[in-house]
Amino acid sequence: MSQLILEQVTVSLARRPLFAPLTLVVEPGVVLSVLGANGAGKSSLLAHLAGALPPALEAVGRVRMGEEALDGQPPEQRRLGILFQDDLLFPHLSVGGNLSFGSRPRGARAARREAIAHSLESIGLAGFEARDPATLSGGQRARVALLRVLLSEPRALLMDEPFGQLDAVTRAQTREWVFGEVRRRGLPTLLVTHDREDVAAAAGPSLVLQSCLQA
Amino acid sequence: MPPPLGVVVWQWFTASRLELRAQAFAGSVLLLAVALGALAAAWGGSRLARLALRAYSESGHRGLRAERPFRLLASLIGLSFTLAISAMAALGLRSVSPMWRFPAVFGDHLELGLVAQLAPSLKMALGSTVTLACSTAIAAIALVTLINESLIDDVRWRTRIGVLLFAPLLLPQLAFLFGLQSLLVRLQLDGTWAAVGWEHTLFALPYVWGLLAAARAQLDPRLIMTARTLGAGGLRLWWAVTLPLLLRPTLLAGAVAFGVSAALYLPTLFAGAGRVMTVATEATSAASSGNLRLAAAYGAAQALAPLTALLFAALIGRAAFSGRQGVPR
Chain A
0 MSQLILEQVT VSLARRPLFA PLTLVVEPGV VLSVLGANGA GKSSLLAHLA
50 GALPPALEAV GRVRMGEEAL DGQPPEQRRL GILFQDDLLF PHLSVGGNLS
100 FGSRPRGARA ARREAIAHSL ESIGLAGFEA RDPATLSGGQ RARVALLRVL
150 LSEPRALLMD EPFGQLDAVT RAQTREWVFG EVRRRGLPTL LVTHDREDVA
200 AAAGPSLVLQ SCLQA
Chain B
0 MPPPLGVVVW QWFTASRLEL RAQAFAGSVL LLAVALGALA AAWGGSRLAR
50 LALRAYSESG HRGLRAERPF RLLASLIGLS FTLAISAMAA LGLRSVSPMW
100 RFPAVFGDHL ELGLVAQLAP SLKMALGSTV TLACSTAIAA IALVTLINES
150 LIDDVRWRTR IGVLLFAPLL LPQLAFLFGL QSLLVRLQLD GTWAAVGWEH
200 TLFALPYVWG LLAAARAQLD PRLIMTARTL GAGGLRLWWA VTLPLLLRPT
250 LLAGAVAFGV SAALYLPTLF AGAGRVMTVA TEATSAASSG NLRLAAAYGA
300 AQALAPLTAL LFAALIGRAA FSGRQGVPR
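Quick mapping for you: the protein sequence lines, in order, are chains A and B.
The first sequence finishes on residue 214 if you use numbering that gives the first Met the number 0, and the numbering steps up by one all the way, no holes.
The second sequence finishes on residue 328 if you use numbering that gives the first Met the number 0, and the numbering steps up by one all the way, no holes.
None of these hints come from the bench; they were simulated from the model.
For glycine and all other residues, C-beta sits at the position ideal for the given N, C-alpha and C.
The reader is advised that the hints may include incorrect statements.
Partial selection, computed: residues in chain A whose CB lies under 8 Å from chain B [claimed, not checked]:
| hint | residue |
| --- | --- |
| 1 | Ala36 |
| 2 | Ala49 |
| 3 | Ala51 |
| 4 | Pro53 |
| 5 | Pro54 |
| 6 | Ala58 |
| 7 | Pro73 |
| 8 | Pro74 |
| 9 | Leu79 |
| 10 | Leu87 |
| 11 | His91 |
| 12 | Phe100 |
| 13 | Ala107 |
| 14 | Pro132 |
| 15 | Ser151 |
| 16 | Cys211 |
DEER-style ranges, computed between Cβ atoms [stated by the list, open to error]:
| hint | chain 1 | residue 1 | chain 2 | residue 2 | range |
| --- | --- | --- | --- | --- | --- |
| 17 | B | Trp156 | A | Gln172 | 41 to 51 Å |
| 18 | A | Arg105 | B | Arg49 | 52 to 62 Å |
| 19 | B | Leu218 | A | Gln172 | 27 to 37 Å |
| 20 | B | Ala118 | A | Ser136 | 52 to 62 Å |
| 21 | B | Ala48 | A | Glu67 | 28 to 38 Å |
| 22 | B | Ala54 | A | Ala133 | 19 to 29 Å |
| 23 | B | Ser321 | A | Gly126 | 54 to 64 Å |
| 24 | B | Leu38 | A | Trp176 | 53 to 63 Å |
| 25 | A | Pro54 | B | Arg328 | 26 to 36 Å |
| 26 | B | Phe69 | A | Ala133 | 30 to 40 Å |
| 27 | A | Val59 | B | Trp238 | 30 to 40 Å |
| 28 | B | Ala73 | A | Arg105 | 54 to 64 Å |
| 29 | B | Ala73 | A | Trp176 | 47 to 57 Å |
Coverage of chain B stretches by chain A, computed from C-beta distances (three or more under 8 Å per stretch; other residues unrestricted) [unchecked claim]:
| hint | stretch |
| --- | --- |
| 30 | 125 to 133 |
| 31 | 237 to 244 |
| 32 | 312 to 326 |
Go ahead and model the full structure; you've got the sequences and the hints to work with.
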């Protein structure tokens, strides 16, 4: 288990920084909530950490996973999981296909299939392998999306308002399960949100990104 | 009515009096100026239309009565489509009817003799048409896909390349073709299959670009980003995510490129130096030969080729991912 470490990180648009440089350490199993007004650069920060910053934006500072520097690595090598407000399941793959897409190739085909069946069972979707993701409910899709990220064995988790599309009851349940998994697996997690209840349920530190542009 | 400028320039180019050549080149430049003028007029017109449309949409009119003209328009489109299909059927029928005089609804009798007699040369022309059209479709799709994937974030270069690729459609064909031809002759490539394929690809590219670049730009970038954070990069990313999500537009673009290539006459004649025979070149020479049955047989073959390609594209596109409702159509 390593920490996710940011040193003097900021993202700028046309040479103007979006927010004051950030230095922080996210401990394994801790959810750090990131708040801030629209346009403060929260999503850009996550995109930078994932390694997929749009070319119009520029980032400075250092990002590390424990001792390993992530800067310059492409997203596919960083092994950071990302979750958005939309579940973004691949529409052309079955539920099982989505889950095995990111799961690390290990062991025989049958064993992998069994592992996926087992994990589906753990989120109450036993036997859903062949289903079309488009036929699932919002809550089911959200759970499959998180399961897909977890099966890819990320070293840290980045979440951009992941519960925003869910109704109140589903949101509470999903939240509880997600934060439980984060703690159980010891994943350092960054949660971008507008929802005070998210922050409370995350039970971790929080910070407010101050936009430099409005100041 | 005198012939249009393009035809006159063509006659000057092919005239035996060499002093007409200079005139022909001047004519090509004039053609180019006319085309650029038309483009400018179209641009100005679109600005005016934008103003008018904005005034209308801000006026608060409900437009409840707009339905009827639209329905009329739809039936007109349906009518012209029906006409085109029946013309094709008539071509097929004409090619097997040796006698078909004016007032008669059908020919006297049907006879497969001519078609059977034609079969070997028709088969050869069809073979080269299909080979050329398939290579054109593959080359155009590969090129556009490469540009798409390498420049997906660079809007400025995408726009520039888009304008460049549309050049063969926007510029007068005659000027464009003569320019290309002098290049091919200098490289001693005229009359080769490669030259014909290259020229066909140039003419198919704007359509393929129009279809594929738009579809690629509409793909949710977060889907690609998710796939990458899940460990898929490079070829696997394209093969497992981008291509499947763009399969339907890619197939459609391929069918359109196929159709464009199958229909090209002048570029085939020029780049092929008259040595590459396709259904299009044979159909044109058959049409000017005065033999109606011959012309009808080639015409039917030329109409059928792109239709078959479209049909295949539609069938494959429908069969792939048939149980997946979320795949973009």
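Do the hints match the structure? See the list:
1. Violation of the interface hint for Ala36(A) is found here, the shortest Cβ-Cβ separation to chain B being roughly 21 Å, above the 8 Å cut-off.
2. Interface hint status for Ala49(A): upheld, as the beta-carbon distance to the closest one in chain B is roughly 6 Å, under 8 Å.
3. Checking Ala51(A) against chain B by beta carbon gives a least distance of about 5 Å; that is within 8 Å, so the hint holds.
4. Checking Pro53(A) against chain B: minimum C-beta separation of about 6 Å stays under 8 Å; hint holds.
5. For Pro54(A), the suggested interface contact is upheld, since its CB lies about 5 Å from the closest CB of chain B, less than 8 Å.
6. About 15 Å separates the beta-carbon of Ala58(A) from the nearest beta-carbon of chain B, more than 8 Å, and the hint is not met.
7. Of the supplied interface hints, the one on Pro73(A) holds, with its beta-carbon coming within about 6 Å of a beta-carbon of chain B, less than 8 Å.
8. Because the beta carbon of Pro74(A) sits about 4 Å from the nearest beta carbon in chain B, less than 8 Å, this interface hint is met.
9. For Leu79(A), the interface hint holds, since its Cβ comes within 8 Å of a Cβ in chain B; the closest pair sits about 6 Å apart.
10. Hint status for Leu87(A): holds, given a least beta-carbon distance of 5 Å to chain B, under 8 Å.
11. Given hint, His91(A) at the interface with chain B, holds; its Cβ is 4 Å from that chain's nearest Cβ, closer than 8 Å.
12. Because the smallest distance between the Cβ of Phe100(A) and any Cβ of chain B comes to about 6 Å, under 8 Å, the interface hint for this residue holds.
13. Hint status for Ala107(A): violated, given a least beta-carbon distance of 20 Å to chain B, over 8 Å.
14. Below 8 Å, beta-carbon pairs count as interface contacts, and Pro132(A) has one with chain B at about 6 Å; its hint therefore holds.
15. Checking Ser151(A) against chain B by beta carbon gives a least distance of about 5 Å; that is within 8 Å, so the hint holds.
16. Against a cut-off of 8 Å between C-beta atoms, the interface hint on Cys211(A) is violated, since the closest Cβ of chain B lies about 24 Å away.
17. Look at Trp156(B) against Gln172(A): about 47 Å separates their beta carbons, and that is inside 41 to 51 Å.
18. For the pair Arg105(A) and Arg49(B), the supplied restraint of 52 to 62 Å holds, since their beta-carbon distance comes to about 57 Å.
19. Roughly 32 Å separates the CB atoms of Leu218(B) and Gln172(A), a value that falls within the hinted 27 to 37 Å.
20. In this structure the supplied range 52 to 62 Å holds for Ala118(B) paired with Ser136(A), their Cβ-Cβ distance being about 60 Å.
21. Separated by about 57 Å at the C-beta atoms, Ala48(B) and Glu67(A) break the suggested range of 28 to 38 Å.
22. For the pair Ala54(B) and Ala133(A), the beta carbons lie near 41 Å from each other, so the given range of 19 to 29 Å is not met.
23. Take Ser321(B) and Gly126(A): their Cβ atoms lie about 21 Å apart, and the range 54 to 64 Å is violated.
24. About 59 Å separates the C-beta atoms of Leu38(B) and Trp176(A), a value consistent with the hinted range of 53 to 63 Å.
25. Here the CB-CB span from Pro54(A) to Arg328(B) is close to 30 Å, well matched to the stated 26 to 36 Å.
26. About 31 Å separates the C-beta atoms of Phe69(B) and Ala133(A), a value consistent with the hinted range of 30 to 40 Å.
27. At about 35 Å, the CB distance of Val59(A) to Trp238(B) agrees with the hint of 30 to 40 Å.
28. Take Ala73(B) and Arg105(A): their Cβ atoms lie about 57 Å apart, and the range 54 to 64 Å holds.
29. For the hinted restraint 47 to 57 Å between Ala73(B) and Trp176(A), the CB-CB distance of approximately 51 Å keeps it satisfied.
30. Chain A is given as covering the stretch 125 to 133 of chain B, and this is violated because 0 residues of the stretch bring a CB closer than 8 Å to a CB of that chain, at least three being needed.
31. Interface restraint, the stretch 237 to 244 of chain B with chain A: holds (4 residues with C-beta to C-beta distance below 8 Å; minimum three).
32. Evaluation of the coverage hint for the stretch 312 to 326 of chain B: fulfilled, as 6 residues show C-beta separations to chain A shorter than 8 Å, against a requirement of three.
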